[in-house]
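S.K.: Given chain S, put chain F in place with the hints provided.
Those sequence lines, one after another, are chains S and F. Note that our numbering has the first sequence beginning at 1, numbered continuously upward. Note that our numbering has the second sequence beginning at 123, numbered continuously upward.
Source of the hints: derived by calculation from the structure; they are not laboratory data. Yeah, the Cβ is synthetic: ideal placement off N, Cα and C, and Gly gets one too. A portion of the hints provided could be inaccurate.
[As the list claims (entries may be wrong)] Quick look at which bits of chain S chain F covers, simulated, 3 or more residues with Cβ under 8 Å: (1) 25-35; (2) 54-62; (3) 65-72; (4) 80-89.
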Amino acid sequence: MTTGHIHGRKLDLLQGTLDLMVLQTLAAMGPQHGYGVARRIEQVSCDRVILNQGTIYAALVRLQHRRLIKAEWGTSDNNRKACFYSLTARGRTELEERASNWRRISDVMDRIFEPPTEEEAK
Amino acid sequence: MMSWVYAALARIRALFARKRLDRQLEDQLDAHIAFATEDNIEKGMTPEAARREALLKLGSRDLTRELHSEARGLPLLETLARDVAYGARQLRRNPLVTFTTVLTLAIAIGASTTIFTLAEALLFRDPAGVDEPGRLVDIGVSHKGVGFGSNSYPNYVDIAGRATSFDGIYAHTRFPNGTNLAGPGGPLEPVFVMETSTNFFTVLGVKPAMGRVFDRVERDAAVLSYGYWKRRFNRDPSVIGRTLQLNGRPFAVIGVAAESFHGTGVRAPDIWTPLRVNDSRVAGWLVMGGRLKHGVSRSQAAAELNVIGRVLQAEYPIENKEKDLRVAALSPLPGESLPVAGFLALLMAIVMIVLAIACANVSGVLLARASARRQEIAVRLAIGAGRSRIVRQLLTETVLLFAISAVTAIALARGMTLILVSQLPNLPFPIDLTVSLDWRIVAFAMALSFVAALMSGLTPALQASRRDVLAAIKSDETLGPGQLGRLRLRNTFVVTQVALSVWLVVVAGLFVRALLNASVLDAGFDLTGVELASINLREMGYDAATGAVHARDLVQQVRRAPGVEAATIATVIPGGFEGIGLGGLSVAGVLPPDGEPYFSPTWNVIEPDYFATIRMPLLDGRDFNANDLAGTPPVVILGEGAARKFWPGQRAVGNYVEMMRWTPGSQTPTGKKLLVVGVARDPKFGSLVDGSSNVFAYLPLQQEHLQVWTMVVARSTDGQPLTGVIRSTVETANPNVIVESSQAGADYAALGLAPWRIAASVSGTLGVVGLLVAGIGIYGVTAYVITRRTREIGIRIALGARRENVIMLIVKQGMGLVLLGGVIGLLVAAGAALLLKSFLFGAPALDPLIFSAATLLFMIIGLLACVIPASRATRIDPINALRNE
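The shape of chain S in the complex, shown without the other chains (with noise of 0.2 Å):
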């Protein structure tokens, strides 16, 4: 599944991380519409990641199928109509079992790439 044009010089995303990066968004920030889930990641990864925004709404529209995020059209704080997407109950477990995933994946490639010294590993 394609998870968007990322501008790549900056950063690779790699397949489904966009999908867990909206996730956490979500987790953290509580109902967010889809400009606002763009720009906190880009905030929170100090504009290393610039996405093409569009794909956002992909990636949205595939958790919303599977029913880990819900969609609420409503106003914003400047009263502008916009679609607030918020994490079900599922999207929270789900959002656990990949964040859990995620640590230990990327916990064994740090260990890959800088291999603890010999003092360390005794």
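M.R.: Same frame as chain S, now just chain F:
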């Protein structure tokens, strides 16, 4: 896991809410831009810069939409639907291109489908209404290792009793026989009766529609075919138990066969009756078949029958001399499938060539269209459409084109099949050539068109989607390297088309020439204006003596009938499929060929005036006359070939030959001396059954046993058909005798030439089609090249070039292609002609007339196809041409 199920369901739901979901996405994207713009303004940008930045960061809106709908719905299905809609719009926009391509494709696909329909009906179709056709086989007899012929009754009984590989072996007469049915109080009517062994239905697994089929050893019982029951008895159930008088013998109707069952061959009988016993082991009149036991392969069965065949040869060395048993898959044409398959393969090859021409043509047209659409495609590539996406789009269009053609083709194939079947001359027996439109034929047409679409659409699509985006957007009219490649490709198409069409036209010409040759060829006799009416005196209770007398009376009455110039009786007529075996011929001091004990002549049993009636000249001696009777010395008339062979350089008349005949049960033949009284001209075509024999021998009916089949042959004074006259005379002479089938002599003669007629008309028609298609192709290419060069032409004319010179320039280039294709085509055609030489009735294979005519024809077509667009192009005002950009 569950989430994927939800996702799948949601995707399907999304298909039906596309409009709403699309709108929601647009709303979200609008909101997105608005939020981002506000943020940017807060960061201190001007409103314009803020909005611009927001749009940039969102990225391509099209791409977002595409990704969104890919993630949301069923992308393959949706793009397919969109491609089809888009393709249909494109096709509608170019009605002329669409029309010509659909037409050419439909003709080519339709023609192939027609041939396939025939092949299926004749070769591949399992008989309907039987159980497990895969285990059914035909059992035939080969003589000296060739053929797949019929067997005798005693041999059938022995084989069926000895073979262990079969659940059952059945036998039936080769053809349904025309038979007299005495109607209830009404006149006699002809029906076609097939005699079968009583296990026929049970071995085949045919169920009755009503009553029962033969299920025990029985006599005097009749099973009706469903079609006959419907036609003649209007589905009356009370027919069961009724007695039918068939040739004067009573048969009780015991049942009606299942509706789907029409027999195993192409000749559909009306009624099945049990086989009669015939003790002759020589008379081969039964077609055999059987059902293999479960787990027994065809080759195992063949091996067993081979042994049984050898044993039968040893037991009856004379009757079964050099006769082996063979096994083949059940076929509607037992033993005849190989030549039929060969003939159909030839037709199929011709048709495939036309399809190839049409494909090349469509390729060319599509390539031109793709070139015209380069800008559009380049723009789509530039805004990020994938190349595979574009290729898929272009291919969808092509497939759509072919799908329309396939549907048209199927409709066309129906008509063409009927025309082809009508090309068959009138046959003296009913045939079941169900050319119904079944799924296999539809699948064939569809598959063929799909493959053709891929073949002809892929190259243009790949070419068109090349990423020479910049050049395309600039719409550079000069021929860059990319376009040159494209042109070369189109040129290849033109050369191929011309070559194939020349080939086709030459072959068609050769067939037509062969047909003309055959029909003007002096056949040695002349059947135009002659009527042939079959009667069956034997069945009506006449014996040798009374039958001969009645036959003579009959002929004399026919001679007196109005409009009759001459009349006679004969058993066979040259040029047909039937032959009779009366025995061998022995001549003192002359050795028969191949170590045979006797000559095997083509016999005929005739009344006087036979030679006059069919205008076959008597070269020496006399015709039979009123004095050649049962008690007078036996006489014979020989063909000229036989006379020369037996007494080279001498007069044959006055010499004796000996007719050698086997009687049932005896090991040695008995001889009968015959005095040669006349010598007749040999027919050019003998019977197609034993056409190899060139020894013709004629016996007087009055001195010979009456044959089962007899033909009243009459020549009319004015060419009017004599069907009615003969029929009424025959029935007046004896109300119990009826004419079973009546046929014009010309139809009869046409039967033998039917394959050539079909080949000539198929290849002739297709040759014309190929010619047209190739013409369109050449025209298309030239016209296309010229549009590309409009500006160049404009400049040349503006600079003072003369129109004629410009036209010449263009024509020279176009004609180069035509010449190249023509030369290739002629070379290929010459090779093909040499292969076909044996089919051409002695017409020269490398007929200079046909070859030069084809060349001339193509030069003219090529010239027209070049000159018309060229002269149109040069008529444009140079100013307009320059502004063409």
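S.K.: With reference to the structure, classify each hint as holding or not holding.
M.R.: Going down the list of hints, with the structure as the test:
Coverage of the region 25-35 of chain S by chain F holds in this model, with 3 residues showing a Cβ closer than 8 Å to a Cβ of that chain against a need of three. A count of 7 residues in the region 54-62 of chain S with a Cβ less than 8 Å from any Cβ of chain F is obtained; the coverage claim is therefore met, three being the minimum. Judged by the Cβ-Cβ criterion of 8 Å, the region 65-72 of chain S is covered by chain F as claimed, because 4 of its residues qualify and three suffice. Counting residues of the region 80-89 of chain S whose beta-carbon sits less than 8 Å from any beta-carbon of chain F gives 4, enough to reach three: the coverage restraint holds.
The structure shown violates none of the earlier numbered hints.
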